[in-house]
Amino acid sequence: MIRINDLNRRWKEFTLMDIDLHVNEGEYFVILGPSGAGKTLLLEVIAGFHSPDSGEIFFGRKNITDLPPEKRNVAFVYQNYSLFPHLNVLKNIEFGMRMKGTKDRARIEKIAEYLNISHLLHRNTYTLSGGEKQRIAIARSLVTEPDVMLLDEPLSALDPRAQDTGRKILKKIHTDSRLTVIHVTHDQTEARVMADRIAVMMNGRIVQVDTPEKLFNRPIDDKIAHFLGVENVLKGTVTANDDGVTLIEVDGTIIEAISDYAVGDVVYACLRPENVTLSKMRIKTSARNIFEGEIIESEILGALVRVKMDCGFILNAFVTRQSAEELEVKTGSHFIASFKTTAVHVVL
Amino acid sequence: MKKIPSRERLKKAVKADPLMVSFSFLALLLLLFVFLTLSYMIIVQVTSDFPGLIAATKNESVIKSINLSMYAGLLATVASFLVGVPAAYILARKEFFGKHVVESVLDIPVVVPHTVAGIALLTIFGSRGLLGGPLESYIQFRDALPGIVIAMLFVSAPFLTNSAREGFQNIDPRIENAARSLGAPLWKTFLLITLPIASRHLLIGSIMCWARAISEFGAVVMIAYYPMVGPTLIYERFISYGLSESRPIAVLLILVTLTIFIAVRLLSAGWRIYDTD
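These protein sequences, in sequence, are chains A and V.
Going by my numbering, the first residue of the first sequence is number 1, and it counts up by one from there.
Going by my numbering, the first residue of the second sequence is number 349, and it counts up by one from there.
One chain only, chain A, in its complex shape (with noise of 0.2 Å):
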């Protein structure tokens, strides 16, 4: 759907090296990388805000690298959502339509309840909350019909209990309509959660694409590694909900985690490295996940040491460098890794 080749762009800070992308029909494609990677700027070159110094870029058969932004047909949401402040919502969400003479309210008020937005379309845009200006701008976008959905950092901006629904939503209308995404972020379990297939982007320079669970069992080099290996995101199946108490199964081990999930639903979970305490016996401790592990690989960064365990499902753990050594942590030994049910954050 979206081949992008041989493409170079410097602006201001900001450089775009050698970038080859393919993006398949109905993909949702995220792009990761840290702040300053010139992620935004490779969206806003394929939006046509900026022409590239050299490199081709193909919506289907067709050339657009002149067309254009306005005969892209591409939907752009920004992080702060950019929604005109001096027309109300229902004038924001028309403009498209007004622009490309497409005006249809029947369309209008479907998406607005699609997105459940009905009850805003007269209001002014600055009474509106992050997640209700988040839903009106892809609202704005979505009426017009675009080929392609770009999302900028599109859950950055909102607190975490909106960036739930948001997640929610986003998947949503990708799964109903099908359209090609390409959602931009620096937040690596997001890039898990959403994406069909992950480019991670270095320094102006995409350095690795692929499906979230091989890039994130086989990084290709060691600065991809270390930019992705921090969080654990462990993908599972909800197999019991008791009040909130959820057990999760992972390649057949089960996790305890606090959560309103239902049995059945596919979930990630979530669990920061410096959650996880190890230990060489088992312990007394107040941490119901209790697993035994075989260290496969262990990594000094700074003050700390990232251990890599496999306790059936591949587990990542900080210990500070003097407990490291006191454990005499090293590849092959067996330890006991364990985490509290509260530590574990799951999402869908």
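Simulated from the structure, these hints should not be mistaken for laboratory data.
From a predicted model like this one, the values you see are computed outputs, not experimental measurements.
Don't take every hint at face value.
[Said to hold, decoys possible] Once the Cα atoms are required to be at most 25 Å apart in a straight line, the calculated SDA-like pairs of lysine to any residue come out as: (1) A:91 - V:548; (2) A:71 - V:539; (3) A:12 - V:443; (4) A:12 - V:450; (5) V:442 - A:13; (6) A:214 - A:153; (7) V:536 - A:80; (8) V:536 - A:50.
Fit chain V to the known structure of chain A by using the hints.
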């Protein structure tokens, strides 16, 4: 429960700062200087020579000159808008080689002595000037309305340009990008999104520009002594007959212009300011 500080305590906290106290005092001096000077002139005129003021309102040449000031000022403002707003947009959005030079050149009229501006304008637009000469059979600048407008335009355009530019700079370019990806070409984006969002800056810039145009004397008098604008008439009456003959016109001019400025500001007070957040 947290205790809400009482009003007295809040007041004390503000009072405690000597810097703010002394600054407030100095600000008060400035305020009094401006306000008393103008209001005292009006008060003296009204109390000591009210018939003189009434007579001025009935004097044909006074009315003519004030009307001319406002009309020519309006034309100069429209002209400033047409050339100043595009310049402001380019300066707000684009980086290019020599931008600082362009900015400085556009600001020069603010610092040039106005009689100097008048001489320079005469050299171009006078009857033997660079443009005035060849154009003489079509349009006359010397001692005519076009000359007055040109002189006003020269000195007042920077006020509108700078205000418009500030307005445009306050608009996040991403808002314009969003409009473009929704199908609006750049010119529609400018007309439907950028201009309305900057409208308050444009209005304030226009008022400043108009006020500056009406108040211009030096440059106007060099290129067009006749037909007389308000300030020229005041000057002529002052030189020929003194304070008592010129002050009623001054009071009248300031009352008329103040009324209009206040009216415009009141009318626009309901506008929301979009371009500041």
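When the structure is checked against the list of hints, which entries are broken? Sort them ascending.
none
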